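Since chain A is already given, all that's left is putting chain B on it; use the hints.
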Amino acid sequence: MDEPELDRRLTAIWSTPAGVWGTLSTVDHKTIGRRYIVTAFIFLALGGMLALAMRLQLSQPEARFIGPDRYNQIFTMHGTNMMFLFAVPVMEAVAVYLVPLMVGTRNIAFPRLNAFSYWIYLAGGMLLWIAFAVDAGPDAGWFAYVPLSGPEYAAGKRADIWAQMITFTEVSALAVAVEIVVTVFKQRAPGMSLDRIPLFVWSMLVTSFLVILAMPAIMIASTALILDRLVGTHFFNPAEGGDVLLWQHLFWFFGHPEVYIIFLPAVGMVSTIVATFTRRPVFGYLAMVMALIATGVLAFGLWVHHMFVAGLPRLGESFFTASSMVIAIPAGLQIFCWLATMWAGRPVFKTPFLFVIGFVVIFVIGGLTGVMVASVPFDTQVHDTYFVVAHFHYVLVGGAVFPLLGAIYYWFPKMTGRMMSETLGRWIFSLIFTGFNLTFFPMHILGLQGMPRRIYTYQPEMPWSGVNMFISLSAVILAAGFLLFFIDVIRSAKSGSAAPANPWGASTLEWATASPPPSYNFGRLPVVGSLEPLSDNPETLPVATGLSVNRRELVVTSLVEALPQARESSPGNSIWPLWSALATTAMLIWSIFTPWAVVWGSIPVAITLVGWFWPKGVPEDDS
Amino acid sequence: MKTWRILLLSILALVSACSGNQSALDPGGAAAIHIEHLIIGVVAVCTAIWILVMIVLGWALLRDHSQESGRSGERQLTLTVTAGLGATVLIITGLTIASFYTTRSIGLPENASLTIVVKGQQWWWQVIYADPDPAFSFQTANEIHIPVGQDVRIQLESADVVHSFWVPNLAGKQDLVPGRSNSIVLRAERPGVYRGQCAEFCGMQHSHMAMMIIAEEPALYQRWLAAQRSDGVKATNPEASAGMAAFLSKPCAACHTVRGTPASGTTGPDLTHVGSRQTIAAGLFETSRGSLAAWIADPQTLKPGNNMPMVPLTSAELRDISAYMESLK
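Chains A and B supply the protein sequences, listed in that same order.
Quick note on this note's numbering: the first sequence kicks off at -18 and runs consecutively.
Quick note on this note's numbering: the second sequence kicks off at 2 and runs consecutively.
The shape of chain A in the complex, shown without the other chains (with noise of 0.2 Å):
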């Protein structure tokens, strides 16, 4: 069969109908990824309009732009969008994207999980933003202690509403992470053995298995604190022998893997984009590999340094100085490694490098300080403080939205078929950089001046507004940055210049494919001899054939080895993960207000459950 033919025939039953219906009930990985990307950046984008307010209202002692339940709201809403509907969703996206394509299948595993897993996502996101608009946007942090959050203390809807949010994101979440798991364990191109993945796959797969063991933890919190609220358990009254300690175990022992959910990910993407910027493999792969492993493992032992003041025996608090200290060193070792590649390379210094090389000068402060408040005594001064504002942003910033921006710059081509522009994006660099250092640096001096976290106002004899000030001024700028950055990718995406095959001269597998790519991803299934296909020889890469081009098939092969293994067929396009989504978010938001919601909501998701199982046949076989 010729390639025209080829083309043809695997459009015919990979690609996503036109029009509304096909908009609404597609499985493409692709078109699922770029609108999950979409979305989180339009969650970050409000999220950091909400970031603007608070620097206003910060800006001067007693100011009176926004009172104390709005700008309680408004932190609320920062810390829970960023975390929940922007940092941990968008790396997922990226990840259905590119995971597929860089292990060399046709679609994700589960493909309609995924389709589902992105309606929840924009469900759960669509509820916490109307809530806030009607004023009914939680407001006791996005940590929700108990008993603030509990019933005696959070009157009215609010913390349900958050509480029920974290739920929509936990399916969302969970599923993507499963999708990624079984896409990498059993759908790799033949040959792509264990020790040929490429790292941003390997930081995936680690940041899945994270998402699976930490989210259980976070899902039994919110269920015991809505029961609380709704049925009158008392888990965390400690009148009736609950504890208010157990929400913070719970949400810590979530909340601290949750920040490697988000960093794990960034670190494949600098891997991606050191090894292509200085034309040559990262150093040390085997180490890198073992880095991310040791990260995810030591990421669950350290929740208890966010719990330093809450009066727990000293002996325990050691054990976790002593682990929070630990992870400096996968770290350390990463850096190292990139350091090594960077020194061993040639660099070419274009937009995607930039962003990495602010990483490393932001993310090396930001593990440092990590280092800082991980020991008990210098935590009990600087803990809620400004300090660990400025710390945290500037992991979470510069070890991950940074990286990201700099996925985006580079893999923007493989998505649209049109280069971002390199002039904007060192202006956009410039900027956000800037802008970055100067507003979040300061906030270490403002925490070690005894500044605490989640004021919304301070008097005028306080020595802060001066640097308060100053803050709120950088603020603008890095904000400036934001604009730029999506002005730019507004322009590229309509009017960029046309993107060459592999424009980054990069040698990793979703280069293999036209850009964008085909519905199918690849006509012929790639095999992979080595680490980086694209660089062995990239005009014959050896390919796989033998699979169906009557049906959605995909090949199965062996977890270690990737050896085939049996030809798998995919599910089609389907409207029912949309219905399922619609009857479950129905449930959701229902169970806020009455318990038997989960038994009567029950009812029509199960029965999209049904429509979406429904076995339909599939064409027959021809070969």
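No lab work stands behind these hints, which were simulated from the structure alone.
It should be emphasised that the depicted structure is a prediction, and the values quoted were computed from it without experimental measurement.
All C-beta atoms, glycine included, are put in the ideal place defined by N, C-alpha and C.
Possibly wrong hints are sitting among the right ones.
[To be verified] Pair by pair, the computed Cβ-Cβ distance ranges are:
1. A:L454 <-> B:H38: 31 to 41 Å
2. A:V541 <-> B:A160: 56 to 66 Å
3. A:R472 <-> B:S67: 34 to 44 Å
4. A:L540 <-> B:T83: 25 to 35 Å
5. B:V194 <-> A:E43: 17 to 27 Å
6. B:A49 <-> A:L454: 44 to 54 Å
7. A:G48 <-> B:G193: 28 to 38 Å
8. A:A567 <-> B:V312: 17 to 27 Å
9. B:T94 <-> A:L175: 31 to 41 Å
[Claimed, not checked] Interface residues of chain B toward chain A, partial, derived using beta-carbon atoms under 7 Å:
10. I36
11. M311
12. V312
Using the frame of chain A, we list chain B on its own:
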């Protein structure tokens, strides 16, 4: 090497330059002094590490990349990365030991000479000086007097949500957790007024939950103690007597206590000696007749969401009650 030191020194100078009335780097208490040493040491080490990494980063990026490194280069890289990893392990171990050492030196002493119970409330601090003899026990609010040079155990409890007791100049912070009792030891090395503030988000007025720790020479402290143990001073002028009558006839007395009068409410702060305290409304205003009047007239505008309702008063009642409050020295 020279620029290296200049940079390090200037950053240290920048950080230590920040002193204010709530700065962890301006310690006046034993624990805060130990922690300040740790902070300065750790920040210096970390700053040095950061500068070193930046030098390597710049070097790696900007060096002449034309000469090929080859196989021997890879070997050298492996050695360098391994050395870096070894150095990281050593430094991390050193910092961990320094941290443990500091923890030990600020550990709770077995025998503090004085215990004060502090109870966190939305949004003020209830301070209880308990004495085996109930006649000597008394309560105050938002202001804690301690003798200089003695270990004072502060027993921390919460009446509602999680708060955090934090006086940065004297010690680190410690949470007040409902259903639990935590402790922190304060030992002021020099007399002074130290400002503290709630550090754990506790709701609407978390921003306005400050307190004053007044560390004074033991003799002065004893004098203060004697004054506090006495009942509220009797009204001495007609305005204050009228104020007292109004205070007792209005809802004020349902929430507040003034010892020596029938007012014995326990919801709000004990007002027995309110006129002698430096601030009212948890550090929001200096105590004066004007601020007392403003507060009584409209607490909800001054501190929205707090638990004191606005009580309708005539202007004469308002004037008299604030005069009475001011007289409660």
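Hints and how they fare:
no. : hint                          : verdict
1   : A:L454 <-> B:H38: 31 to 41 Å  : holds (34 Å)
2   : A:V541 <-> B:A160: 56 to 66 Å : holds (59 Å)
3   : A:R472 <-> B:S67: 34 to 44 Å  : holds (37 Å)
4   : A:L540 <-> B:T83: 25 to 35 Å  : holds (31 Å)
5   : B:V194 <-> A:E43: 17 to 27 Å  : holds (21 Å)
6   : B:A49 <-> A:L454: 44 to 54 Å  : violated (31 Å)
7   : A:G48 <-> B:G193: 28 to 38 Å  : holds (34 Å)
8   : A:A567 <-> B:V312: 17 to 27 Å : violated (47 Å)
9   : B:T94 <-> A:L175: 31 to 41 Å  : holds (32 Å)
10  : I36                           : holds (5 Å)
11  : M311                          : violated (17 Å)
12  : V312                          : violated (22 Å)
The structure shown violates the earlier hints numbered 6, 8, 11, 12.
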